[in-house]
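Two chains, two frames, some hints: make the complex.
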Amino acid sequence: MKKPKTLLLIAIALCAAASFFTGGINPYYYDILITIGINIILAVSLNLVTGYTGQFSLGHAGFMAVGAYSSAWMTLTFGFVLGTSLPATGGVYLIALFGGGLAAAAAGLLVGVPSLRLRGDYLAIVTLGFSEIIKGVIQNAEPLGAQRGLGGMVQHTNFFWTYAVVALAIYGILTLVHSTYGSGFLAVRDDEIAAEAMGINTTKYKVLAFVIGAFLAGVAGGLYAHFKQFIHPEGFNFLKSVDIVVMVILGGMGSTAGVCLAAVILTILPEFLRTVSDYTWLPGPVRDLAENRMILYSLLLIILMLTRPQGLFGKMAFIRGKKS
Amino acid sequence: MIFPALFFGAWISEVNAGPIRVGEFASLTGASASFGQSSHKGTKLAVEEINAAGGVLGRPIELITEDDQSQAGQPATIVRKLISQDKVIAILGEVASSKSLEAAPICQQNKIPMISPASTNPKVTEVGDCIFRVCFIDPFQGTVMSKFARENGWKKIAVLTDVKQDYSVGLAEFFIKDFLANGGQIVREQKYSTGDKDFKPQLTSIKASQPDAVFVPGYYAEVSLIAKQAKLLGLKVPLLGGDGWVGDSLLKVAGKSLDGSFFSSHFSSDDASLMVRNFVEKFKAKYGEVPDDMAALGYDSAMILADAIRTAGTTDSGPLRQAIASTASHAGVTGKITLDPQRNASKSAVILTIGDGGFHFVKKVEP
Chain A
2 MKKPKTLLLI AIALCAAASF FTGGINPYYY DILITIGINI ILAVSLNLVT
52 GYTGQFSLGH AGFMAVGAYS SAWMTLTFGF VLGTSLPATG GVYLIALFGG
102 GLAAAAAGLL VGVPSLRLRG DYLAIVTLGF SEIIKGVIQN AEPLGAQRGL
152 GGMVQHTNFF WTYAVVALAI YGILTLVHST YGSGFLAVRD DEIAAEAMGI
202 NTTKYKVLAF VIGAFLAGVA GGLYAHFKQF IHPEGFNFLK SVDIVVMVIL
252 GGMGSTAGVC LAAVILTILP EFLRTVSDYT WLPGPVRDLA ENRMILYSLL
302 LIILMLTRPQ GLFGKMAFIR GKKS
Chain B
34 MIFPALFFGA WISEVNAGPI RVGEFASLTG ASASFGQSSH KGTKLAVEEI
84 NAAGGVLGRP IELITEDDQS QAGQPATIVR KLISQDKVIA ILGEVASSKS
134 LEAAPICQQN KIPMISPAST NPKVTEVGDC IFRVCFIDPF QGTVMSKFAR
184 ENGWKKIAVL TDVKQDYSVG LAEFFIKDFL ANGGQIVREQ KYSTGDKDFK
234 PQLTSIKASQ PDAVFVPGYY AEVSLIAKQA KLLGLKVPLL GGDGWVGDSL
284 LKVAGKSLDG SFFSSHFSSD DASLMVRNFV EKFKAKYGEV PDDMAALGYD
334 SAMILADAIR TAGTTDSGPL RQAIASTASH AGVTGKITLD PQRNASKSAV
384 ILTIGDGGFH FVKKVEP
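One line per chain: the protein sequences are A and B, in this order.
The first sequence runs 2 to 325 under the numbering used here.
The second sequence runs 34 to 400 under the numbering used here.
It is possible that part of the hints are untrue.
Think about it this way: if two alpha-carbon atoms lie no more than 20 angstroms apart in a straight line, the pair counts; the simulated EDC-like pairs of lysine to aspartate or glutamate are [stated by the list, open to error]:
1. B/K261 <-> B/D245
2. B/K224 <-> A/E143
3. B/K319 <-> B/D303
4. B/K77 <-> B/D340
5. B/K369 <-> B/D304
6. B/K180 <-> B/E206
7. B/K188 <-> B/E222
8. A/K136 <-> B/D199
9. B/K317 <-> B/D304
10. B/K77 <-> A/D279
11. A/K136 <-> B/D229
12. B/K180 <-> B/E222
13. B/K315 <-> B/E81
14. B/K156 <-> A/E143
15. B/K189 <-> B/E206
16. B/K188 <-> B/D245
17. B/K120 <-> A/D279
18. B/K77 <-> B/E95
Rather than coming from a laboratory, the hints here were simulated on the basis of the structure.
Here chain B stands alone, though its shape is the one from the complex (with noise of 0.2 angstroms):
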């Protein structure tokens, strides 16, 4: 039989002075692996710095992964599992909000401190004071796309709004809130389903309401035929959008129709400060790529948690808690990371424009 095989094989027994056990669920397999993937090198780079440096307490940290195949059903498991039998003191993980949104009240009935690299979607940190994020939350960039099109001296927007998606709806209604509050005019909104594939009719209506810019937060797939549209219909001025944008087949679809084109994300890796050139060059070394957002917040979910079981002193979860959630000013790679009471990161955003074919940084936003 399997099953007791199951019991044996997966036997580990307690250790007190070994290695700190961190666990960090991902989706290695599946319909989001590239996500996983890229959170989960970022991490675990970070452990491997922590522990080439000494590791922290004078332990080693051993960070546990384990694949969720991009499936519900199986957060749950995995993360029973980590905290159960691998007596994990933390969680890291995962990129999607709707997994993280089931590992979540796991964690927290059992006071396992939970870091998410970049589930963005408010209701995850809502689920009780264990769970913790190192991203901004969607209306934050709203709000900055807002005070950018502002700093530019943009009147009048016009927004296309994908009314199936949470995250482009709260993009939407907080970049609207912010530049009706600072004097802006919106001069159209339109909407579209994810899926679309002829955005003609709203693009010709808001080509005739002559804006200066138009804000599209939607995801990759439809803003690279959105733009190629807008391109054929003459609709010259920039598009802006947020983190939705980063995808694999953007460019490739969009060809040369989105350059100009501005967009608020996490992350850049021509971000010029040292910090982010040696996490680059340290990245490119270990794994012959150029780090993106997912890496490069798994590699800050991971430095937060270190820096706070420093600061406890123990691994225990309730000074653990008390520690992350206390974390201020920490200098990570996405910038710097400060946490709210509501348990998610207050800090930067980075805007970036596209042109020849790649993504350049512009500039950083300040919360």
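Bound-form chain A, shown alone (with noise of 0.2 angstroms):
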């Protein structure tokens, strides 16, 4: 496949280019795309996990959290070891992300072993159940701020560096399911006990797509952490676990694009209702509602799962692998 590839340098090429010129956008339309990238990460990892591999988890906000605190730990910690010059720092930085998304990874090996024997529901209350632990330990935890939130951070992510995650992360997952070896993933989601039956290891792809997933989470919490310059535990409790299934479901389970569509749609859509009450031309009704926004965002979220039930693009995914 070397046509992927040469799409993957083209667009963190085209985020190169394109963060040439953030420097003038609207502070808020700025926050708005930065979270957008943020939340497509988040939302294809978990696609890996419950979209691919058919594993649902209720968790992704904990692994999210675990990359977030231990990025910013890091560079509040070391952050000017290497001097205090942009250079210096920012490669602290961008330590501390991956540093962040192996934390997370390793905390999804933690929970994965032991609970990726369960299936289904029972699957689902113990990856909610660890969330809450690690939110638990964080909000007891002194050197983290606690209950208090954790703040301080330079803001080192900025639109190249998020989107360069975000077509990584794309490009990773989409190469690693098309590949033969990622047709376990598939298999596992299909039937497990036909792929078992056909000698496939369900446990080990199970637990390699929790990792990744929460690699790539963990990525996220460290863009986030150092984006928004203050992280609390209560920003990754359980609402922001169902947030990132709402995208993975709404986009279609197992359709990167449609996920990706899905984040950019409900990361947009409640800032948008915002201004409905603005405009003076829609009838009073209306406006009264959109004065309840959430009210409305919910509403369309269940028109949007009604009229599209298989997700945003069905099945379709950016790429239609050949299997040779």
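Here's what the structure looks like:
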């Protein structure tokens, strides 16, 4: 598969080029843009676990928390060991992003090995419990700011780093699931017993999906921590996990393109709804409803789900890999 | 595509002589919605009053409110929106300290003054010289209750602290410090954690120490259970606490077992002063309910900002920041407010007692 690699390079080059023009963007739109990128990473990584491998996880925010807190801790502790110049602190930041991802991956392995023998609802409950444990640990960890939250990180996350990670994540996941080896993920999802009978080590595949998903969620957490510059345990609660699950389900389980689109829509929609009440040409009742935009948001979610139960794009992905 | 629509839909041209734009961010939905809704109602009432009286500098105030859904991550986004898109000259919010801490660095970077109505964590105003608050901070309440205990002639006090809450630990620390420094005696110190249900071991030990009163600076969920179990164990002395006691379920769970206990708070709707009576009446007329602490603090935050704009004579951030910082003896519904050099409010606290299924005003304690 030569073509995707070129596409990846083009995408990263585009990110680099685009990042020269982000300086003039209104900070609010810039904030939304970065949030979209982070949400895409979270959604495609959960899609690997839930969409491609069929393991329902409600703990993705927990992995994000591990990544966010460990990378923030690293830059806060070692941020200036290489000096105070931008390349020096930026270097520490990149190492911290990677380290945050590794920490999250380790957490994924820790929770994955014992619990991935479970299926369906049981696994969902275990992962939910795990993310609550993470939250509980952070809330009691004084060096991590405990219940106060952790702040003071330098804002290193920018358009380039965010979307470079987005491109890498999409590329990595697509090439993985479309490789011969990666067919194992789909086999586990489609029929676990049959896959096992064919000699596929299902637990290994599940743990692998979990660890990769956790790694990417951890990196997303690191990006988040160094963009918002303040993290709080409540930001990684059950609701955050559900948000990511909704993106995956709405986008269509196992459709990377759909999941990306869902992440974009679900990030912009609540912000867009803030402005609806400003449109004077809309009828009064609609504008009144828009005052309670979360009701409107939920209503739109229900409509989307009813009209596109198979996801926005169905099973379409960016690349339809030819199995050789 | 939605994104371009977002650009145009929200496009608001800059105006110079139009209304003065003030931003507010609050938890109007989500877990802490009851706090956010209250403070928002108070803030809105204040702005309406100011505009009815002709506005400030001859211009009306336009309050632009955004909901942060009680979700971490949202305050940063919407404060950026308020500053960069709505071009507000100042920001009011939030009740929860964790939300204020997220928004504060952004206001500070943009040199936009931010006034928090009710974030009591000391760290909030430490972010920078643009961040203010109109409530007292945690340590102050500990000192107030110690003073109150001494005035009542209680010599021996037991303390029961929630070790999981900074708030509780802070109050206990300052209570003990002040009480010991003034010749009092702390006869027992016991601890519990948020979420605990059984407090009998701690309460038994406290009972054995024969205190005159027990200081329980926790939140209402645990305090109501503590009160109930204390009664069961026959501990008849009054309980003392802080504003964390205020919560819907406090009296529902505790029933009559908290009768005769005291706690410190920001505001009492029973307060007989003319200012408070006026405020309560107007609030009732508009919303059909009695204002609580958060509503009163929201009201004061907007009033202090309006006063500062008048004093500064401009909405430019430099002079405005200076004017807010020099707020002195502002007559607010939550007491006379003076902002100290650390940009925290130095003001009186009210002591409330519990009885007949409600809270009753006892006295004001000056700082």
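Here is how each hint holds up against the structure:
1. B/K261 <-> B/D245: 18 angstroms, holds
2. B/K224 <-> A/E143: Answer holds: B/K224 to A/E143 is near 18 angstroms, not above 20 angstroms.
3. B/K319 <-> B/D303: 18 angstroms, holds
4. B/K77 <-> B/D340: 16 angstroms, holds
5. B/K369 <-> B/D304: 14 angstroms, holds
6. B/K180 <-> B/E206: 14 angstroms, holds
7. B/K188 <-> B/E222: Holds. B/K188 to B/E222 sits at ~15 angstroms (cutoff 20 angstroms).
8. A/K136 <-> B/D199: Roughly 17 angstroms between the alpha carbons, so the hint for A/K136 and B/D199 holds.
9. B/K317 <-> B/D304: 15 angstroms, holds
10. B/K77 <-> A/D279: 18 angstroms, holds
11. A/K136 <-> B/D229: 18 angstroms, holds
12. B/K180 <-> B/E222: 19 angstroms, holds
13. B/K315 <-> B/E81: Holds. B/K315 to B/E81 sits at ~11 angstroms (cutoff 20 angstroms).
14. B/K156 <-> A/E143: 15 angstroms, holds
15. B/K189 <-> B/E206: 16 angstroms, holds
16. B/K188 <-> B/D245: 7 angstroms, holds
17. B/K120 <-> A/D279: Holds, at about 16 angstroms.
18. B/K77 <-> B/E95: The hint holds at about 10 angstroms.
Against the hints set out earlier in the document, no violation occurs for any number.
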